[in-house]
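**Q** Protein sequences appear in the order of chains A and B. Residues in the first sequence are numbered from 1 upward in steps of one, following my numbering. Residues in the second sequence are numbered from 308 upward in steps of one, following my numbering.
Since the hints were made in silico from the structure, they are not lab data. One or more hints might be untrue.
Away from chain A, derived, C-beta distances all over 12 Å, residues of chain B [what the hints assert, rightly or not]:
no.	residue
1	Trp-339
2	Asp-386
3	Thr-479
Only some residues are given here: those of chain A computed to face chain B with a beta carbon under 7 Å [said to hold, decoys possible]:
no.	residue
4	Met-37
5	Leu-40
6	Lys-86
7	Pro-148
8	Leu-152
9	Leu-221
These numbers were taken from a predicted model, which means no experiment stands behind them. All residues carry an ideal CB built from backbone N, CA and C; glycine is no exception.
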Amino acid sequence: MTDLPASKVDLKGVLSTPARVDNSEGMSYLQSVPRRMVTLYLPLAIIVIVLLFPFYWMALTSVKPDEQLLDLDKYNPFWTWNPTFKHFHKLLFESYYPHWLWNTMYVAVCATVLSIIASVLAAYAIVRLRYKGANLVGGLIFLAYLVPPSILFIPLATVVFQYGLFDSPLALILTYPTILIPFSTWLLMGYFKTIPFELEECALIDGASRWQILIKIVLPLAIPGLISAFIFCFTLCWNEFIYALTFLQSTSNKTVPVAIVNEFVDGDIYRWGSLMAGALAGSLPLVILYAFFVEHYVSAMTGAVKE
Amino acid sequence: MADVAIPRAKPQMSEDSAWTQLKHNRNWLGFWFMVPAMAFLIFFLAYPLGLGIWLSFTDTRIGRVGHFIATENYEWLWDDSIFWLSVFNTLLYTFVASALKFAIGLYLALLLNENMPFKAMLRAMVLIPFIVPTVLSALAFWWIFDSQFSIISWSLKHLGLISQNINFLGDTTWARICVIFANIWRGVPFVAITLLAGLQTVSPSLYEAATLDGATRWQNFRYITYPLLTPIIAVVMTFSVLFTFTDFQLIWAMTRGGPVNATHLMATLSYQRAIIAGQLGEGAAISSAMIPFLLAAIMVSWFGLQRRKWQQGESND
């Protein structure tokens with residue numbers, strides 16, 4: 001039953017892929033090159049420039065010497081001929097920055113791993129064990145996805161305080177999964193659904209337990225989904241702000257986003273260089289990760305919405 | 308001996324089979340598989356959600372257990388002009404930002420769906436604003452919108468359009484425009500890429516047939532693209548509205564609610580009242596006041612999903 005539609009889709013894909021290339025060329029020859037220039041390339045260029053300009057500006061500011069930052073008339077503000085790594089040096093050797101980076105990484109990895117384990121089990125149970133009420137639980141998990149941190153942080157702060165977790169990374173490691181589990185469960189459910197039942201039936205007949213099936217059959221087949229979920233969760237953790245702002249207090253425990261906003265923003269007129277260096281250094285790990293896994297990232301983003 | 312062995316073996320066997328039965332019982336297994344996820348969601352999501360509503364009916368402060376004071380917090384907020392200003396700001400912010408995000412996102416998705424060189428690279432680049440932590444890009448905007456050294460003011464001055472620096476984040480109207488712009492900037496990639504995924508499922512032969520029948524580009528969009536995209540638009544926009552409505556970090560990094568509370572959203576106001584001023588009860592009342600709006604958004608999503616199911620056929624689950 002699950003095979004038939006899948007093979008149909010494949011067939012259609014195979015048939016239409018070469019045809020589609022022809023089609024789109026066939027349609028686009030209706031447009032002349034100048035017309036395409038105005039209706040396609042120009043607006044696209046404007047949007048892409050606007051989307052990327054802040055990063056260019058961030059990077060440029062972080063390597064500009066201080067006097068060029070504040071004197072816009074003597075130097076061309078859009079470029080610098082004598083870049084300096086002074087701001088990065090200050091960041092790495094005169095502040096807690098490496099510490100914050102480590103905290104963020106530690107919290108993000110732990111919370112992500114915890115959530116992935118929990119959601120693999122939950123997603124498998126919902127999709128394949130189909131226990132009583134599985135659909136209802138699936139719906140509830142989707143609802144949990146829609147509960148935003150902004151309405152939870154006040155009561156969670158009291159909970160965290162009661163459990164004695166205040167100002168420890170554990171507070172974040174335990175609360176982040178509430179954001180991550182609904183999302184990754186939903187995503188993995190979609191992946192598990194695509195794995196044919198027959199494989200599991202064979203394994204069951206051969207005497208495998210459910211646990212063995214999950215570990216040895218389902219998970220290896222769902223690796224792309226796991227990577228997608230992992231990367232997306234990691235990014236969400238890195239991006240999370242309000243819990244980290246509320247639950248952490250001491251300077252050395254903070255995560256990068258919170259620390260930059262709270263510790264770097266002082267009255268110093270020359271703060272911009274190091275502020276932007278901090279923002280750039282905090283974004284780079286994610287951008288690099290993203291560059292390697294674009295496809296997985298996109299499928300995570302669209303998968304959760306499509307499902 | 309054989310007589311003794313058989314009755315001994317029997318209970319063992321039935322015990323074994325009870326255990327194996329349990330091991331293969333879906334409900335029992337399902338329960339254990341759900342335990343980790345459910346533990347997190349109950350202790351750190353459902354319980355705090357209820358606790359938050361309860362806190363909003365008490366006068367709890369940081370370091371002091373509160374007493375039940377019924378709806379006093381809400382009555383207090385009802386007469387609080389800053390609260391109403393934050394509600395107005397939130398609605399304005401959500402409405403304007405979501406509408407523009409949708410318009411620009413859809414337009415960008417349509418552009419990216421065309422055939423062109425470096426397609427994959429362009430798509431990857433477009434998504435970068437969504438990857439970078441919001442706070443960090445908000446700081447970049449803070450610097451771009453600086454009152455003295457803003458690159459925008461500088462460029463406009465050199466183009467001869469203005470003579471004075473624009474006080475972007477110091478003027479109430481400009482501050483609102485700036486935070487909304489930053490929010491749109493961050494949200495457009497998400498909308499565009501998800502809608503693009505929807506667009507790619509639309510068969511090109513539909514456009515071909517319509518074009519042969521003499522449809523214009525607008526008619527192609529209006530009668531083919533838009534109806535086929537409606538379900539995914541419903542879901543994407545629900546998420547977008549939800550996350551814009553409850554936005555916190557962008558505002559906190561750029562303006563902290565200033566100037567004169569002009570950019571205070573409900574989330575930032577509740578943080579200020581609850582954590583900075585220590586009035587947990589009042590803060591909880593503000594964040595609980597967001598729940599009706601969220602429910603409305605969820606209803607929209609629900610009906611969007613229903614419609615999608617109806618389009619695909621109910622059995623296709």
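**Q** Could you run down the list of hints and mark each one as holding or not?
**A** These are the hints, each one checked on the structure:
no.: 1; hint: Trp-339; result: violated, 8 Å
no.: 2; hint: Asp-386; result: holds, 21 Å
no.: 3; hint: Thr-479; result: holds, 22 Å
no.: 4; hint: Met-37; result: violated, 11 Å
no.: 5; hint: Leu-40; result: holds, 6 Å
no.: 6; hint: Lys-86; result: violated, 17 Å
no.: 7; hint: Pro-148; result: holds, 4 Å
no.: 8; hint: Leu-152; result: holds, 5 Å
no.: 9; hint: Leu-221; result: violated, 18 Å
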